[in-house]
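Go by the hints and put chain B onto chain A.
So the sequence lines, in the order shown, correspond to chains A and B.
Using the numbering used here, you'd call the opening residue of the first sequence number -5 and step up by one each time.
Using the numbering used here, you'd call the opening residue of the second sequence number 2 and step up by one each time.
Among the clues, some could well be false.
If you only want the chain B side, here are some residues facing chain A, beta carbon under 10 Å, derived [what the hints assert, rightly or not]:
id: 1; residue: Ile395
id: 2; residue: Arg417
id: 3; residue: Arg419
Hints listed in this document are in silico derivations from the structure and should not be mistaken for laboratory results.
Here a beta-carbon is modelled for each residue, glycine too, at the ideal position from N, C-alpha and C.
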Amino acid sequence: MAQEQKQPRKSSQEETASEEVVETDVAERKETIDEDVDAILDEIDEVLETNAEDFVKSFIQKGGQ
Amino acid sequence: MSVRRVMGTEVEYGISVQGQPAANPMVASSQIVNAYASSTARARRARWDFEEESPLRDARGFDMARQVADPSQLTDEDLGLANVILTNGARLYVDHAHPEYSSPEVTTPLDVVRWEKAGEQVMLDASRMAAQVPGSTPILLYKNNTDNKGASYGAHENYLMRRSTQFAEIVRHLTPFFVSRQVVTGAGRVGIGQDGRDTSPERGFQISQRSDYFEVEVGLETTLKRPIINTRDEPHADPAVYRRLHVILGDANLAEISIYLKAGTTALVLAMIEDGFIDRDLSVEGAVNSLREVSHDPTLQQLITLRDGRRITAVQLQLEYLELARKYVEDRYGADADEQTVDVLARWESVLTRLERDPMECAAELDWVAKLKLLNQYRDRDGLDWDDAKLHLIDLQYADLRPDKGLYHRLAGAGRIRRLLDDAAIEAAMHDPPVDTRAYFRGRCLDKYADSVAAASWDSVIFDLPGRESLQRVPTIDPLRGTRAHVGELIDRSETAQALVAAITR
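Chain A on its own, in the form it takes in the complex:
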């Protein structure tokens, strides 16, 4: 990877360690976001009208302004 090649050689162990931390961080955050999304979709699943097709079909309006 281009960025890794640019890294100075010294303290390469430290670099790797901190990169790992960052990666775990990102993974954790992604997991939290996924859980978050699941939570809101679960919440919305519960309030969505049943039988989407019929409900949408029966929403008929007269035109207005």
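Relative to the frame of chain A, chain B by itself:
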């Protein structure tokens, strides 16, 4: 001027009787308005006064003949449909086949938000009250603009402008702004084309609820051949001094920041037009087509062709207006610019910058992005194509006014959409008028002297006083008079309408 200006909004709500798609919408709308009127109005209900209405007056300087007008344009004929004035100065009535709430006149974008959101609560209360009538079927209300089957209904804005401004200048400088502002103000829609039938598995979301229903650039109509710039010229104020710009292409927004930026940025552009500040021609080639093309591309990459040959995105076109507005405010006010003007400029810039980078960064502020984000999450999780009924349902239910069912409300409740006002401020605005326009006089009179007010309208309050044979009409032709500063004390100390009218006419 800045973002401050006399303005207001009118929203027609989608309406359906649960389980009865064939129910008469005029009857249902009347039930909504009457339920609210009879539970809140006192012994007597003031009529709407149509004397000053002239819906066929055209800003270009002529009147349309009544005989050639479509019946839906004759809004000044009292058809016996429900129509009531509220103590907050608003008008709640049946317009065509929809219940409509017209906000009182306000002077700042934040007050536009406050009294428009109050209208949502009025409608919600009205539907709850209507449901209490024995034997009634629940009536559901939606703050949206289309049924996705060909019908559209409006969410209009009104801005008071100087009569001396040439209408052609308004058309020239406002059209490009209107073609592009939907990237900020769109409410989002599942469905392409007026009847939604151009939707395919891969393509089905657009930025605006309304854009597909606009067919001409300039015109008087609001119900057919809808124009980007509407020329209805009924100022409800001294016509020698003012015109009222009636904006019909906006979406009905639920997100407070969308409403706030819609009113704030439009007011700024109007101020620049009035002051002759816009030094460049941003005219768009084929504005009607561009309006639709921009709406149809939620990635915001669609290019608009300007008459000078440049091809730029809608966000870039908005950035041109922003840059002009920044210069304008700096030039006119410098460090003395008022707080909301500064805030509107900052939020406008922030939103445009993020829209250009990644629209999803605005999911907590703008309706169309919030809706699209939710739809995409469903598409990812459940593998849904754009023509799936569930996605259409999510679009519709986003606009459901009920806090437990409406998806906007669920998202806002979960902190996923940011707000500008708290519930208490909105609740108060259901009853209290703005203090800095004539709506204050109208609202206070309705509140304090309900039994003596025979009728009222934007520009008058008509009293029926004991011992007086004729009705007493108090004109309120100047939108900036009749404020709390002008009449607050007088109303406070006038125990009766007689005392008030005597003091005013003395």
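Hint check:
1. Ile395: 7 Å, holds
2. Arg417: The hint holds - arginine 417 of chain B has a Cβ within 10 Å of chain A, the shortest such distance being about 7 Å.
3. Arg419: 15 Å, violated
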